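Sequences are here, hints too, so could you generate the full structure?
The listed protein sequences correspond, in order, to chains Y and C. Residues in the first sequence are numbered consecutively from 403, following this note's numbering. Residues in the second sequence are numbered consecutively from 5, following this note's numbering.
Hints are not guaranteed to be accurate.
No more than 27 Å apart at the CA atoms, straight line, and that leaves these computed lysine-lysine pairs for DSSO-like [claimed, not checked]:
hint: 1; chain 1: C; residue 1: LYS116; chain 2: Y; residue 2: LYS796
hint: 2; chain 1: C; residue 1: LYS116; chain 2: Y; residue 2: LYS419
hint: 3; chain 1: Y; residue 1: LYS997; chain 2: C; residue 2: LYS93
From the derived model, a few chain Y residues whose C-beta atoms are all more than 10 Å from chain C [claimed, not checked]:
hint: 4; residue: ASN542
hint: 5; residue: ILE660
hint: 6; residue: GLY698
hint: 7; residue: THR720
hint: 8; residue: THR937
hint: 9; residue: GLU1014
Everything labelled a hint here was simulated from the structure, so no lab data went into it. The model shown is predicted, which means the values in this text are computed figures rather than measured ones. Glycine included, C-beta positions come from ideal geometry on N, C-alpha and C.
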Amino acid sequence: MSRIGVFVCDCGLNIAKTVRVPEVVEFARTLPDVVVAEEYKFMCSTPGQELIQNNIKKNNLNRVIVAACSPLMHEKTFRKVIEAAGLNQYLLTIVNIREHVSWVTEDEDIATEKAKAMINGAVYRARLLAPLTSRFIDVNPNVMVVGGGIAGIQASLELAETGKKVYLVERTPSIGGHMSQFDKTFPTLDCSACILTPKMDAVLQSKNIELLTYCEVDEIKGFVGNFDVKIRQKARYIDHDKCNACLACTEKCPGKAISEFDEGLVKRKAIYIPFPQAVPQKPVIDAKSCVFLIKGKGCKLCQKVCEQGAIDYEQKDTFKEIKVGAIIMATGYDLMDTAPLVQYGYGKYSGVYHALEVERLFNAAGPTSGKVVMRDGKQPASVAILHCIGSRDKNNYEYCSRVCCMYSLKFAHLMKEKTGAEVYQLYIDMRAPGKGYEEFYDRLLEEDVKFVRGKAARVTDKTNDMEEPGKLVVEVEDTLSQKFMRIPVDMVVLSPAMKPRADAKDMARLFNLSTDKYGFFMERHPKLAPLSTMTDGVFIAGACQGPKDIPDTVSQATGAAAEALTIVVKDKLELEAATAMVNQAVCCGCQNCVKVCPYGAPFYKPDRGVSEINEALCKGCGSCAAGCPTGAIMARHFINDQIMAEMEGLMEF
Amino acid sequence: MGFEPKIQGIACNWCTYTGADLAGTTRLKYPQNLRLVRVMCSSRINPSFIFRAFQLGADGVMVGGCHPGDCHYGTGNMYARRRLAITKKILDFAGMEPERFRVEWISASEGKRFAEVVEELTNTIKELGPQTKFKIEK
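Here is the structure:
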């Protein structure tokens, strides 16, 4: 005999503003098997939880229904509440009268009636619920971090510090990421390399970090606590165990390719390390530009100069299988390609640069040794920096990329310092919300930088009679003076949108993550679980979740490391008990369940001609139950009778 | 007041149910004729649930899952897609107006899409009128 308690939450006014909660409570009291129904302002608060627990004891309840916010928000909270009062946690039903009712209509009558119908459905379902026993599994203590930018480096170092083994997977030949390309960092003007390279070195020195550069994740199996990961080590054509990093090979190599690290401003060799401070300091051969690997004959200069005999043209991709308990995704961002925005003339006019190219021009280790020399060999006497290229733009990316205002100010400062050029900032709104950022903006206001409030409309090389030929003219409406302006300059710097990695969708599929509408990885909850994902045991940090600056990225990385640690620090992990089971008396042995299960949980027992389910592998999706022709499989907590009863209750009103 | 249909929804936990939550957190307004049952995966949905919903008096049924290829369980919605395609054929065969049954792939970030689909479906079913073909009168 069910003894049901119904607890309806006002959620302040979030629910009570639209749903007439007292009426819903009165209604709930009339439903069969409902022993008690109560209203409370905040059911998730301590007094609210105690109200539920006291009622469980006082009224000897054996089912609890909480009508409040989404189960994705507080199902776990209330499960713990009833468990603490001695009830099995699976005897709880959540009714979502906030996200699915009070927030999506303004009509009180409609909202109240829908809430009643949903509680009725929950009562029907609750009566058929059964207590379930949680399962515990062993946890692998290792963590994999994907992406070796500042986020991945920080997360790896934090975890390594706790004594956990970390696999840091990076697909390029060196860790460092975008941050290693930068010159100075705003607002402190710290030299990027000075703060990053010690961390890169610490990764290399750490006994607990296994650095897997030039590697990609090929396949993932398993689940939280026990992921099996297959990693592809791309062929480097160099035996890194033999290589002593003398780099004689990189001097002799005649092969040429554009330097990814220097954003195509210069060429690199076919055998190369991406930049002088790269970690590891050992080269790889890019097969696409190596003379020997393309033609299959000739050259082999690198082999001739290598005293260690480390060059191996026969090397193939190899695979490594690792086991980890948790995963941190720190795969970063791409800069938007500005060439399709033809109005700004990137790729057409040699004086137009994008932000990362300018970082390389400023950088002492860059292609111009830190001198601002343009493609035509001249130093600019006037520069326009164009904000919001592709960001805050309904035709491209609606969001604000968050860092462009600040690095554009930094560019202005460095440009003044290095060239004394006249600098224009063309901005829509100046956004300086971080610590020390507004102060940096104030400082720039005093550095004789010209601020024009307006989004650049066009860059053209067609000068008029008043203007000096050979200049690039930026057309813009100054929205403060409401005047149309033409600004002739030597150099135009575009500050493009930060966008998801080109292969973010593929990554999301591989790691079973959701993406937002742009393709950034989606967090489990924007405020309460910003580093977790819908896949237990997989966490996100840095710009793969959305545009952010270095301080935010580093904070997130440390947070994600802590999140991963909450899993791998445990010996055993509690798993959902809502798994499938086979009623062997009804099973016909068709093995449909074996075919549809993505986890290999059901297996066939030929001696008895029936299937059985390995509960340790079952994730509770219920596909086997729907595919079972005889109805022998029961998806616990979501059995046919429970679902149909809930529908019956919902359709009654 | 005109005819207010009852629509039975069944949504997977990871995509469409979360998408419906997002419609709520972004305060989108849509008709309240849909009542959602949550399952872990659209592959849990047995075709009999659809028929049962119509028997129980649903004027329409909507199933929501992750976009094919994006299933939380890898392949679940692929099975759901096939099972529900057959369900649709059976409903056609039994003379049910095809517009009363809708399968939609709505991701966790598509709160707006969820609200739009519910609105569209509600309007369609309002035009069709009450469903009596399968309904069992109590």
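Checked hints:
1. For the hint pairing LYS116/C with LYS796/Y, the CA-to-CA distance comes to about 17 Å; that is within 27 Å, so the pair holds.
2. Restraint check for LYS116/C and LYS419/Y: satisfied, since their Cα atoms lie roughly 23 Å apart, inside the 27 Å limit.
3. Restraint check for LYS997/Y and LYS93/C: satisfied, since their Cα atoms lie roughly 24 Å apart, inside the 27 Å limit.
4. No beta-carbon of chain C is positioned within 10 Å of the beta-carbon of ASN542/Y; the least distance is around 21 Å.
5. At roughly 34 Å, the least C-beta separation between ILE660/Y and chain C is larger than 10 Å, which holds for a residue marked as non-interface.
6. The Cβ of GLY698/Y sits about 39 Å from the closest Cβ of chain C, beyond the 10 Å cut-off, so the non-interface label holds.
7. Listed as outside the interface, THR720/Y is consistent with that label: its C-beta sits roughly 26 Å from the nearest C-beta of chain C, beyond the 10 Å cut-off.
8. Under the 10 Å C-beta cut-off, the non-interface status given to THR937/Y relative to chain C is violated; the minimum distance is some 7 Å.
9. Under the 10 Å C-beta cut-off, the non-interface status given to GLU1014/Y relative to chain C holds; the minimum distance is some 20 Å.
Going down the numbered hints, you'll see the structure goes against just number 8.
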